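Participant: Chain by chain, the residues:
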Amino acid sequence: MTVTPESFAQSLVFGLLVGALYGLAAAGLSLVFGVMKVLNVAHGDLLMLGGYGSFWLFTLYGVDPFVSLLIIGPALFVIGLALELALFRPLTRFDEETKIKNSLLIGFGLALVLENLAIRLWTADERGITTAYAGTVARLGAINLPLDRLGNLAVALAVIVGLHLFLTRTYLGKGIRATAEDWQAATLVGINVRRTYLIAFALGTALAGVAGTLVTVGFAVSPTIGLDWTLKALIVVVLAGLGSVFGTFVGGLLLGLGESLVTLIPNGGSYRELVGLVLFVVVLLVRPQGLFGRSR
Amino acid sequence: MLECRDLDVSYGDLQALWGVSLDVEAGEIVAMIGPNGAGKTTIMRTLAGLLTPTRGAISLEGRRVEREPGHRRVELGMALVPEGRRLFGTMTVLENLELGAYPGRARAERRGALEWVYGIFPILAERRRQLAGTLSGGQQQMVAIGRALMSRPRLLLLDEPSLGLAPVVVEAIFEVIRQINAEGVTVLLVEQNARAALRLATRGYVIENGRVVRHDRADTLLHDPNVREAYLGAVVGTAGTAVPPTVGEAPPPSPNNEGELAEPADGPPPLLGGEGGTT
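Taken in sequence, the protein lines are chains A and B. With the working numbering, letter number 141 in the first sequence gets 1108, and the count goes up by one each step, no holes. With the working numbering, letter number 35 in the second sequence gets 110, and the count goes up by one each step, no holes.
Everything labelled a hint here was simulated from the structure, so no lab data went into it. Given the structure is predicted, the values throughout are model-derived calculations rather than measurements. Incorrect hints may have been included.
Said to hold, decoys possible - Some chain B residues well away from chain A (every beta-carbon gap over 10 Å; in silico):
| # | residue |
| --- | --- |
| 1 | Asp81 |
| 2 | Ala132 |
| 3 | Ser134 |
| 4 | Val140 |
| 5 | Ala154 |
| 6 | Glu173 |
| 7 | Pro178 |
Said to hold, decoys possible - Partner residues are not named here, just some residues of chain A that face chain B (Cβ under 8 Å, in silico):
| # | residue |
| --- | --- |
| 8 | Glu1148 |
| 9 | Ala1152 |
| 10 | Gly1157 |
| 11 | Gly1236 |
| 12 | Glu1240 |
Stated by the list, open to error - Only part of the chain A face toward chain B is listed, based on derived beta-carbon distances under 8 Å:
| # | residue |
| --- | --- |
| 13 | Val1156 |
| 14 | Ile1158 |
| 15 | Asn1159 |
| 16 | Ser1189 |
| 17 | Thr1191 |
| 18 | Asp1195 |
| 19 | Gly1210 |
| 20 | Leu1258 |
| 21 | Arg1261 |
Where is the CB? At the ideal position from N, CA and C, for every residue including glycine.
Here chain A stands alone, though its shape is the one from the complex (with noise of 0.2 Å):
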């Protein structure tokens, strides 16, 4: 196969239209890290949960995933604040690092039950919905664009100025962002630092469920897709640094970029998952507080 202008530009645009769902999936790993030090592996899981979400909301009833999204982020929501309370809180009296190995072993068992739980009650099949509009392609001179994950860009693209909007201009959202930067300081401006790890963690719960109802348009859901996602999120976040909304949605463009265009490379399809796992390395090497973040 030869490279010609149109598959270059060809692979641009589907590697971006990648891109902005690893984005959005790190972005609320990001979130959560970046606020409460605890690393929730189960990330991928959650948003495994937001795809089936969507996946029965549209065979059961018909709900386009684009209106799902006002269903199951809510939803996830609450279930953001069920688990942070259960299960995360009563890691915020230790030190740094013993959270975040305690965040990895209870992330770990979090997501075998989950990924469990979504076997029992809905089988191991890939399951994908096809929408009226799935297949309709918009022609931008000799490139394709197809219209749901043209819709799949636009929707991460909201919510990412959205989230941005929300954490510079709100009280809240800089309550959540000085709680990042010192928590004790936040403390001593009459912040309550554990109500802000919980709206943190639901906040990054929502934004796995998003994610995932964005990723059953055009791909496939499993219960085994969670630790996959995890592990792109993670790659995102390092590539990305901490501190910037917009800064970890580039990064995600641009390992969807990098994944998408290593396959024009004859054979390069094989090579595709390594991507990541070289930039991640790459990155950890050369610039470890990531390409947008603030080195300490």
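Use these hints to put chain B onto chain A, whose structure you have.
Facilitator: Chain B only, in chain A's frame:
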């Protein structure tokens, strides 16, 4: 205003405070002096709710608060300016100040509080769009004090407000503390710069090895031979003379020397630095 009775505080197995009792009356400026590691910062952090005492009571305006979480104590009228300032360095001066008015009541009145703080520190109005982490040390201290004032505290706790600042800035900060107090805010102050602190204060406590070893009127302490020898004596070049200098009967140096204790301001301190100082 504030009453502490028999406070014991431990870091894990390590006990840092032993039966600390102190009182601050409304309208006073009270200074705590003592060597590094004596437990002064621990007392402040316990008062602010960052540490929980294993024994003892803290009352704020007659209300028991030792079990109240730190953020509640801000609402109840007490604010701490922590050692090392602990600003939100990635946010602007204005955002830092606004966060100081986070609790509900203060948030509703933040316009007026902001005017008040800008009146005290006019430079902060000019710098309000600047990131707090890029300010000079003195200006960062102003933001830290301003941020605490934004909650309209009736009791202001100041932990080492002069640390790392140039002498002329230290003087300005002390003048501001006097002014804030004149406007009705009660002040509890921890200072390495013991002479300046006792000049400002009405009463003083001497803390050593996690215990209150003396308390008296500030001018009495200023003229007490033992205190003079231990804390107001010959000034050694470095900030934070942990060990009382053994200068025997030597008279204290001229009053102008104490400014030498302060290091010149050199750039912003690490955001999470300035902990410790307590054993």
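Participant: Is the hint on Thr1191 (chain A) kept, meaning its closest Cβ partner in chain B is under 8 Å away?
Facilitator: 38 Å, violated
Participant: Quick check on Asn1159 (chain A) please, does its C-beta sit within 8 Å of some C-beta on chain B?
Facilitator: 5 Å, holds
Participant: Is the interface hint satisfied for Gly1157 (chain A)? The criterion is a beta-carbon contact with chain B at less than 8 Å.
Facilitator: 3 Å, holds
Participant: Does Ala1152 (chain A) pass the interface check with chain B, least Cβ-Cβ distance below 8 Å?
Facilitator: 4 Å, holds
Participant: For Asp81 (chain B), is the shortest CB-to-CB distance to chain A above 10 Å, so the non-interface label stands?
Facilitator: 24 Å, holds
Participant: Against chain A, does Ser134 (chain B) hold up as non-interface, every C-beta pair farther apart than 10 Å?
Facilitator: At roughly 20 Å from the nearest Cβ of chain A, Ser134 (chain B) sits farther out than 10 Å, so the non-interface label holds.
Participant: If I take the minimum Cβ distance from Val140 (chain B) to any residue of chain A, is it greater than 10 Å?
Facilitator: 14 Å, holds
Participant: Find the nearest Cβ of chain A to the Cβ of Ala154 (chain B) and say whether that gap is larger than 10 Å.
Facilitator: Contrary to the label, Ala154 (chain B) does not stay out of reach of chain A, its closest Cβ about 7 Å off (not over 10 Å).
Participant: Under 8 Å, Cβ to Cβ, is where Gly1210 (chain A) needs to be relative to chain B, so tell me if that hint holds or is violated.
Facilitator: 7 Å, holds
Participant: Would you say Glu173 (chain B) is clear of chain A, with no C-beta pair closer than or equal to 10 Å?
Facilitator: 7 Å, violated
Participant: Tell me if the interface restraint on Ser1189 (chain A) is satisfied: Cβ within less than 8 Å of some Cβ in chain B.
Facilitator: 40 Å, violated
Participant: Closer than 8 Å between Cβ atoms is the bar; does Gly1236 (chain A) clear it against chain B? Give me holds or violated.
Facilitator: Violated, because the Cβ-Cβ distance from Gly1236 (chain A) to chain B comes to roughly 41 Å (cut-off 8 Å).
Taken one by one, the earlier hints fail for this structure at numbers 5, 6, 7, 11, 12, 16, 17, 18 and 20, listed in ascending order.
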